[in-house]
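Taking the hints into account, I'd like the entire structure generated from these sequences.
Chains as they are written, first to last, in the numbering used here: chain A, 1 to 286; chain B, 1 to 154; chain C, 1 to 104.
Keep in mind that the hints were calculated from the coordinates and are not lab data.
Since this is a predicted model, take the numbers as computed values, not measurements.
Treat the hints loosely; a few may be bogus.
[As the list claims (entries may be wrong)] Cut-off 25 Å, straight-line C-alpha distance, at most; resulting in silico cross-link-like pairs (DSS-like, lysine-lysine):
#	chain 1	residue 1	chain 2	residue 2
1	C	Lys49	C	Lys19
2	A	Lys253	A	Lys168
3	B	Lys97	C	Lys39
4	B	Lys124	C	Lys39
5	B	Lys146	A	Lys55
6	B	Lys42	C	Lys32
7	B	Lys42	A	Lys88
8	C	Lys104	C	Lys86
9	B	Lys143	A	Lys55
10	C	Lys35	A	Lys253
11	B	Lys143	B	Lys66
12	C	Lys35	A	Lys135
13	B	Lys113	A	Lys221
14	B	Lys113	C	Lys55
15	C	Lys86	B	Lys113
[Stated by the list, open to error] Far from chain A by the CB rule (all over 12 Å, computed), these chain B residues:
#	residue
16	Asp46
17	Gly53
18	Gly61
19	Ala90
20	Thr100
21	Gly136
[Unchecked claim] On the chain C side, residues computed to face chain B include the following (Cβ under 10 Å):
#	residue
22	Glu15
23	Val30
24	Asn33
25	Val58
26	Ala60
27	Gln61
28	Val66
29	Ser67
30	Pro70
31	Ser73
32	Phe76
33	Ala79
34	Gly82
35	Ser88
36	Val90
Cβ atoms here follow ideal geometry from the backbone N, Cα and C, with glycine treated the same way.
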Amino acid sequence: MKKLIIAIAALAIAAPLVSQATPQSDLKKMQNHFAKKFPGVKYQDYANGVYALDKGRRIEWEAMEEFPPYEPGVEIGKSLFKKYKVGKCFKNGGIGIKQNYPYYDGKSGKVRTLEGDLMACLKSNGVDTKKEKLKFGKGKFAAIAAYMAYTSRGKTINVKVPGGKATKIYNKGKKFFYAKRGQLNFSCADCHVYNAGVMLRTMLLSTAIGQTTHFPVYRKKWEAGGTSPLHGFGTIQRRYGGCNKMVRAKPLKPKKGKQHTSYVALEYFHTYMSNGLKINAPGVRQ
Amino acid sequence: MKRRSFLKGTLAGSTVAVAVGAGLLNPRSVLAAWPESAFEAKSVQDAMSSLFGTADNKTSGAIKIKAPDIAENGAVVPVTVTTKMKGVSAIAIIAEKNGTPLAANFELASNAKGTVSTRIKMGKTMDVVAVVKSGGSLHTARKNVKVTIGGCGG
Amino acid sequence: MATSIRIRAKAKGNEVTVKALITHPMETGVRKNKKTGEKIPAHFIQEVKCEHGGKTVVNAQWGPAVSKNPYLSFAFSGAKAGDTVKLSWVDNKGKSDSAEAKVK
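Laid out in structure tokens, this is it:
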């Protein structure tokens with residue numbers, strides 16, 4: 001009995017020191033928030049972003065999906081994947097593994113993203129990334145990432161946060177997500193949690209849940225900037241940079257061949273919020 | 001009206017090359033059959049008369065235009081024109097307020113169905129005009145498509 | 001299959017629906033090079049011919065307002081699964097490409 005009282009007392013003292021929130025409870029909270037906001041949307045449909053929220057947009061998107069513009073690019077991504085022997089570096093030869101990313105690597109104490117592992121892989125395979133024009137976020141690199149994500153279509157996102165340092169990085173990402181930034185003083189949450197479904201000058205704000213399922217994306221806007229079938233591709237961290245620019249905050253670019261730790265942490269938290277949804281990358285978007 | 005066989009049959013390869021170099025042939029129209037003046041016309045009326053010989057047309061409820069009410073991006077707007085009219089020999093898609101409104105013309109053989117789809121560029125909010133040539137006369141329908149700049153392009 | 005043209009042809013009884021996606025810049029000639037400020041010359045497909053059984057079923061005449069990496073779809077009767085459809089295009093620079101596909 002005495003031991004029990006001491007144990008309970010210890011807990012009572014310890015409790016305020018430990019955050020009540022866990023990744024699981026965060027996810028539940030987020031899911032409940034959107035279930036209330038959009039009662040008509042089926043959970044799995046969140047993977048379709050704004051097309052789950054607006055009928056007119058959905059019809060236009062379905063017309064694009066009749067023969068999606070990313071198909072030639074994904075094929076090119078596949079041939080580059082083979083050319084640079086990317087399969088060597090990954091489990092299952094790099095096929096159908098995207099749903100497990102990002103993951104916490106105990107050995108290095110860091111969170112790894114698919115794109116981070118892909119860049120490391122290219123370098124360890126002796127590929128001259130400068131000469132081959134393989135840069136984070138766009139073009140050929142994004143096409144390879146798009147192909148790899150494509151091979152995971154239909155697989156359920158299953159990001160794990162195994163406590164300790166992983167939780168710290170997760171919380172860093174969560175903090176980034178909810179922090180105000182830029183001259184416009186918006187947080188990711190301002191647009192994608194509190195104002196999801198609102199029209200911002202004909203851009204329909206998508207829900208945070210389901211955003212990562214369809215990345216890398218193929219954007220009509222990015223496609224317009226060049227001639228190759230790879231021009232439309234962009235990874236999620238490319239989009240983070242774009243979103244940050246839009247609220248007039250400085251985009252966080254990769255340094256010394258590695259992605260910015262803040263965006264990695266953000267991607268970790270952000271993807272966790274899509275746990276339970278199926279990958280449907282790449283997605284065609286405006 | 002240009003005849004399809006003219007350029008291909010009568011000019012040898014080298015002569016064509018010389019002609020292009022000398023500026024006698026506009027490099028935009030290597031194909032004799034491509035209706036250049038229609039594609040360069042600056043109004044819906046002129047595009048129709050250049051293409052079909054006349055702009056006289058009747059509005060028809062038998063033509064359906066499937067296009068978004070609000071296009072998510074004016075660079076790629078999916079458009080489908082369907083008609084149940086018989087004897088359709090051509091379907092043209094005209095973007096009324098584009099600098100050169102004629103976007104595409106589909107010449108259809110007798111066994112082709114009266115339905116075509118493509119994706120077009122639209123510079124701003126405007127009507128998409130579908131022109132169907134059937135039984136020697138022109139029939140039209142319109143649909144308004146809103147095109148605006150997104151707020152958070154990135 | 002030719003690299004620039006992807007074709008999907010499906011039969012429903014006597015009727016075949018063809019969808020095609022072509023890789024092509026469809027440059028209008030109005031866009032400017034951001035670095036040099038110069039206009040990027042017009043480069044767009046002018047004609048797409050769609051054939052079945054040696055006959056032209058659809059002849060599409062395009063201008064630069066057709067979107068980059070253009071898509072087209074049409075349907076026709078008098079064909080069945082196992083038949084071949086052929087698509088070929090020519091652009092304003094005289095470049096061309098063609099591809100064939102079996103109707104499924």
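Chain B contact restraint for Phe76(C) - C-beta distance below 10 Å: 4 Å, holds
Hinted contact Ser73(C) with chain B - closest CB pair below 10 Å: At about 4 Å, which falls below the 10 Å cut-off, the nearest Cβ of chain B leaves the hint on Ser73(C) intact, so it holds.
25 Å Cα cutoff - pair Lys42(B), Lys32(C): 21 Å, holds
Given hint Val30(C) near chain B, where the shortest CB pair must fall under 10 Å: 8 Å, holds
Given pair status - Lys168(A), Lys253(A), alpha carbons within 25 Å: 22 Å, holds
Satisfaction of the Ala60(C) interface hint, Cβ to chain B closer than 10 Å: Because about 5 Å separates Ala60(C) from the closest Cβ in chain B, which is inside the 10 Å limit, the hint holds.
Pairwise hint evaluation, Lys66(B) against Lys143(B), where the allowed Cα distance is 25 Å at most: Status holds; Cα separation ~8 Å.
Lys35(C) paired with Lys135(A) [C-alpha distance capped at 25 Å]: 20 Å, holds
Interface hint compliance - Pro70(C) to chain B, C-beta minimum distance less than 10 Å: With a closest approach of 7 Å, the Pro70(C) hint holds.
Beyond 12 Å from every chain A Cβ - status for Asp46(B): 28 Å, holds
Distance restraint between Lys97(B) and Lys39(C), which requires alpha-carbon spacing of 25 Å or less: The hint holds at about 22 Å.
Nearest-CB test (12 Å) between chain A and Gly136(B): Non-interface label on Gly136(B) holds, nearest chain A Cβ at 32 Å vs cutoff 12 Å.
Consistency note: the structure conflicts with the earlier hints numbered 7, 13, 24, 34, 35.
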